[in-house]
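J.: Given these sequences and hints, build the entire structure.
Listed in order, the protein sequences are those of chains Y and L.
Counting from 1, position 38 in the first sequence corresponds to residue 1190 in the working numbering; the numbering is continuous, with no gaps.
Counting from 1, position 101 in the second sequence corresponds to residue 103 in the working numbering; the numbering is continuous, with no gaps.
If you are wondering where the hints come from, they were derived from the structure by calculation, not from laboratory data.
Values in this document were obtained by computation on a predicted structure and should not be read as measured data.
What you were told as hints is all true, and nothing was included just to trick you.
DMTMM-like cross-link-like pairs, simulated, lysine to aspartate or glutamate; straight-line CA separation at most 20 angstroms:
1) Lys-181(L) with Glu-258(L)
2) Lys-96(L) with Asp-1168(Y)
3) Lys-181(L) with Glu-77(L)
4) Lys-181(L) with Asp-233(L)
5) Lys-245(L) with Glu-224(L)
6) Lys-181(L) with Asp-307(L)
7) Lys-96(L) with Asp-52(L)
8) Lys-181(L) with Glu-58(L)
9) Lys-96(L) with Asp-1189(Y)
10) Lys-1185(Y) with Glu-136(L)
11) Lys-19(L) with Asp-1189(Y)
12) Lys-181(L) with Asp-207(L)
13) Lys-96(L) with Glu-130(L)
14) Lys-34(L) with Asp-1177(Y)
15) Lys-19(L) with Asp-159(L)
16) Lys-96(L) with Glu-136(L)
17) Lys-1185(Y) with Glu-130(L)
18) Lys-34(L) with Glu-58(L)
This is what each chain is made of:
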Amino acid sequence: MKITRSFTLDSEADGDIIRWLNRQDNASAAIRKAIRDHLERGGVTLVDVYQAVKSLERQLQAGGATAVPTSALVEEEWNEPPDAAAALDALGT
Amino acid sequence: MNVGLDVGYSAVKAVSKPYRISFPSVVGTPDKARFELNSSNRSIVLMQPDHVQVGEGAVTQSRFVRPREDRDWIEGQEWYNLFLAAVTGLTAAKQVELYIVTGLPVAFYSDRETLIERLPGDHRCQREGQYVQEFRVTHCRVIPQPFGALLAATLDDDGRITNEALATGAVGVIDIGGKTTNLLSVNRLSEISRETASVNVGAWDVVRAVSSWLDDNYPGLEELRPHQVTDAIISRQVRYYGKSVDLTAVVQDTLEPLADQVLAEATRLWNNGATLDAILVSGGGALLLSPYIGRHFRHARVVDDPVFANALGFWRFGQRLTRR
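T.: Pasting the structure below:
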């Protein structure tokens, strides 16, 4: 089912977007791809990162979290047959 | 961005989840139809570094195409344009860092250094309809092509081993590409080189033979595109002036000699396959040849999504490497 969405552009402020749209053979496809590219980046902003760091800081101060080396986390989470894992990691080297 | 890249002689497949793309491995002159009803065509035109048309558009519209089927093609400009067409199809971002995992046919695996020297570094290009893009390949890992299908079946999207039976077992992979069939034997994820080889036949041999037969017997059907012929081969029928034509006999006559060649080599390498825990069948020709392979190797099975399996496995392996 096709869904049509319209949006507004300012001929001066959004001139760059209008020129870009005019260059597209298929504007709908180009807009869909641009939005997907944005979504692929996860939409994470500096504000999100700052809030996550502050939250972690609060947890550490409250004793609710303990710092663990990344390698230990990987080994704990990835319970793999060691020889097969080693062969895999060496593949193509 | 982590990219699983499978550049075959007949088609390019690339995966960078959630995206994946595929297009014919054809590079040609940038000619375009002057009149076109369907503006949402699948034309890929690179504006720079070369002004060329790639993929389906090159098949249908280019006046001159540059087919390469020799092992040196990874050093040529055609291969490079296929690579650029793939990465520009996965992202429109202006500056991108790439971690690439790709494969080479078993017989040409010794050429891996060529790719390892060629891909890392900066690549600047522009695809029609997109801004100039700058790609920096920070890492490039080249592995034997059929390993991709095995890794797709063994790893999850984080690159973690989740199928322990495949990871710790003795596994054969029959990867039936367009022009080459790779046979890989692996034990505990280590290649057994004496049981690994390539055969110079593939699915396009079948498509070409059936196209030629249709051309001789049903004038007008020579217009069918290769993927339409492939569909007809799989369904064993084609429509001709509104009626169904049974292709069972011609497909069988075409597939059997091809399957015989693949099975002869697989039998030479693996005997009856009794010592292998599993045999995975992958590639664009997997669905065509699997019934014949299954008769000889009763534990052979077609992997999920066989056309994209190698590229997906490369991508999952890249996920693993970037996490560890």
